[in-house]
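Modelling step: build the complete structure from the supplied sequences, incorporating the hints.
Chains A and B supply the protein sequences, listed in that same order.
Once you know that position 163 of the first sequence is 162 in numbering that gives the first Met the number 0, the rest is easy, because the numbers rise by one and skip nothing.
Once you know that position 203 of the second sequence is 202 in numbering that gives the first Met the number 0, the rest is easy, because the numbers rise by one and skip nothing.
Simulated from the structure, these hints should not be mistaken for lab results.
Glycine included, C-beta positions come from ideal geometry on N, C-alpha and C.
Certain hints may be false.
Said to hold, decoys possible - Facing chain B, from chain A, some residues (calculated, C-beta under 8 Å):
no.: 1; residue: W84
no.: 2; residue: T152
no.: 3; residue: G154
no.: 4; residue: L161
no.: 5; residue: L162
no.: 6; residue: I164
no.: 7; residue: L165
no.: 8; residue: V171
no.: 9; residue: A214
To be verified - Straight-line Cα separation of at most 30 Å, DSSO-like style, residue types lysine-lysine; simulated pairs:
no.: 10; chain 1: B; residue 1: K10; chain 2: A; residue 2: K217
no.: 11; chain 1: B; residue 1: K238; chain 2: B; residue 2: K155
no.: 12; chain 1: B; residue 1: K155; chain 2: B; residue 2: K10
no.: 13; chain 1: A; residue 1: K156; chain 2: B; residue 2: K155
no.: 14; chain 1: A; residue 1: K217; chain 2: B; residue 2: K238
no.: 15; chain 1: B; residue 1: K157; chain 2: B; residue 2: K10
no.: 16; chain 1: B; residue 1: K216; chain 2: B; residue 2: K244
no.: 17; chain 1: B; residue 1: K157; chain 2: B; residue 2: K244
no.: 18; chain 1: B; residue 1: K157; chain 2: A; residue 2: K156
no.: 19; chain 1: B; residue 1: K155; chain 2: A; residue 2: K217
no.: 20; chain 1: B; residue 1: K157; chain 2: A; residue 2: K217
no.: 21; chain 1: B; residue 1: K238; chain 2: A; residue 2: K156
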Amino acid sequence: MFKSLLALLRRDLRLAIRHGGESLMPLLFLFAVLILVPLGVGPGPNLLSAIAPGMVWVAALLASLLALEGLFRPDLEDGTLEQWWTAPAPVGLLVTTRLFSHWLITGLPVILFAPLAAQMLYLPDHALPVLMLTLVIGTPILSLIGGLASALTLGTKRGSVLLSILIFPLVVPVLIFATGAVSAVADGLSPQAHLGLLTSLLILAVVLAPLATTAALKLNVE
Amino acid sequence: MWQTIKVGFHKLGSPPIFYRVCQVLSPWLWAGFAVSLVIGLYYALYVVPPDYQQSDSFRILYIHVPSAWQAMAGYLVMSILAVIALVWRIRTTEIMAMSAAPIGAAFTLICLATGSIWGRPMWGTFWAWDARLTSMLILLFIYLGIMGLYAAFEDKRKGARVACILILVGLVNIPIIHFSVEWWTTLHQGRGISFVGESTMDASMKPPLIWMIVATKLLFTAALLDRSRNELIEQDRRKGWIRQKLGASV
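Structure, rendered in structure tokens:
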């Protein structure tokens with residue numbers, strides 16, 4: 000069972016590496032957004048440092064949307080997805096593995112480059128660790144919700160517009176608690192309550208999202 | 000007795016019988032809605048004395064609160080229908096769940112609009128990013144997402160079942176809306192009405208509210224049955240039984 004999960008993970012990562020430039024698109028997109036913000040709202044450090052947590056998070060959210068279109072669709076089209084039901088591992092775990100590789104490709108680079116993004120927007124230095132922490136907890140939720148939405152829209156023709164409409168209401172709590180935590184630290188308060196709620200969202204998403212995603216995939220494969 | 004109820008319930012899964020039941024019930028529900036609406040509005044607008052602080056403007060509450068409740072209750076009804084549709088794969092419940100979404104969205108919109116109109120003189124603003132207001136707005140977008148997802152599928156049965164999964168995912172928002180005024184104390188006031196125990200609302204303001212709540216429940220049910228019947232006609236318009244019901248001219 001673990002063998003097939005590992006094989007899937009290895010295949011996904013290898014595909015991502017071979018596609019090179021395409022896999023870097025979310026990260027480039029993130030920085031495009033972050034460069035446009037100071038140019039759009041004005042480069043004043045006070046204003047920028049106030050909106051920094053929110054902007055980094057909105058940019059991370061938009062970046063995670065980019066790779067969703069290719070999450071299940073190519074596999075559905077070439078028939079690989081149907082093979083998942085004959086694999087030795089349960090489909091739910093295969094789904095989780097696929098989402099994990101999606102997170103490695105889109106979520107992890109965002110976390111690694113967050114210090115740079117924080118500098119660009121003058122985020123106070125003492126708030127940076129909490130920003131990183133919220134990204135570590137929060138970006139997997141984005142991948143899980145994104146995976147669910149892309150499984151739901153798999154059977155439709157114009158999926159990508161619908162995709163963002165479905166994701167938006169579901170990620171609002173993530174955005175609220177993540178930016179709440181960072182803003183609390185920046186104002187000299189404790190981020191504990193926000194981080195606790197964010198973690199509970201992660202637990203909820205890890206437990207329930209793969210189940211719903213599997214059910215949606217099954218309906219679309221039938 | 001039990002057996003007859005059970006058989007009768009099972010029969011509702013058959014589209015022609017479901018169609019007939021909707022057709023028979025609908026006029027009674029609409030009539031009940033009209034009566035309770037007239038009574039409720041009469042009491043709300045003429046009988047209840049003005050509020051000591053808000054004078055007459057509080058009367059919008061009689062539209063705002065019942066539609067907010069119905070927006071959430073409608074979601075619960077839709078979720079129950081979605082569970083039945085997903086577990087037993089009954090086509091009429093799929094159609095009912097999909098017909099409930101636009102009605103729920105309409106109630107959510109009424110709630111947001113009346114709240115906004117009420118907020119302007121009382122809070123001094125049309126909108127605030129308060130927990131309850133935001134979660135209600137999210138509810139609206141979940142409703143719209145369900146409708147959009149269903150509409151995007153060519154195969155209506157498949158679309159309905161996929162949208163049913165989304166309905167159950169969106170269910171997590173309902174307790175958040177309900178408890179938002181207790182968990183986060185921001186602008187929106189706490190719960191003012193309770194049926195068990197003491198209300199913070201004056202007793203004289205309560206009867207019209209109950210009438211209006213009954214009215215919105217009846218409106219929801221009547222609209223749900225009519226919408227489901229329309230959806231059934233649209234999906235089965237080429238089938239024999241529906242042509243027979245509508246007269247052979249179609």
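(message) Would the hint linking K157 (chain B) and K10 (chain B) be met if the CA-CA limit is 30 Å?
(response) 23 Å, holds
(request) Quickly compare the C-alpha distance for K238 (chain B) and K155 (chain B) to 30 Å and report which way the hint goes. (result) 16 Å, holds
(message) Does K244 (chain B) sit within 30 Å of K216 (chain B), going by the straight-line distance between their CA atoms?
(response) 28 Å, holds
(request) Compare the distance between the alpha carbons of K156 (chain A) and K155 (chain B) with 30 Å, and conclude whether the hinted pair is satisfied. (result) 14 Å, holds
(message) Can you verify the interface hint for L165 (chain A): is its Cβ closer than 8 Å to any Cβ in chain B?
(response) Cβ of L165 (chain A) sits 5 Å from chain B, so the hint holds.
(request) Closer than 8 Å between Cβ atoms is the bar; does G154 (chain A) clear it against chain B? Give me holds or violated. (result) With a minimum Cβ separation of about 6 Å from chain B (threshold 8 Å), the hint on G154 (chain A) holds.
(message) Does the closest beta carbon of chain B sit nearer than 8 Å to the beta carbon of T152 (chain A)?
(response) 7 Å, holds
(message) Using the nearest Cβ pair, does V171 (chain A) come within less than 8 Å of chain B?
(response) With Cβ-Cβ at 6 Å, under 8 Å, it holds.
(message) Under 8 Å is the threshold here; is the Cβ of L162 (chain A) close enough to any Cβ of chain B for the hint to stand?
(response) 10 Å, violated
(message) For K157 (chain B) and K217 (chain A), compute the direct alpha-carbon distance and say whether it is at most 30 Å.
(response) 11 Å, holds
(request) Sort out whether K238 (chain B) lies within 30 Å of K217 (chain A), counting only the CA atoms. (result) Holds. K217 (chain A) to K238 (chain B) sits at ~29 Å (cutoff 30 Å).
(message) Is the interface hint satisfied for A214 (chain A)? The criterion is a beta-carbon contact with chain B at less than 8 Å.
(response) 6 Å, holds
The structure fails hints 1 and 5 (numbered hints given earlier, in ascending order).
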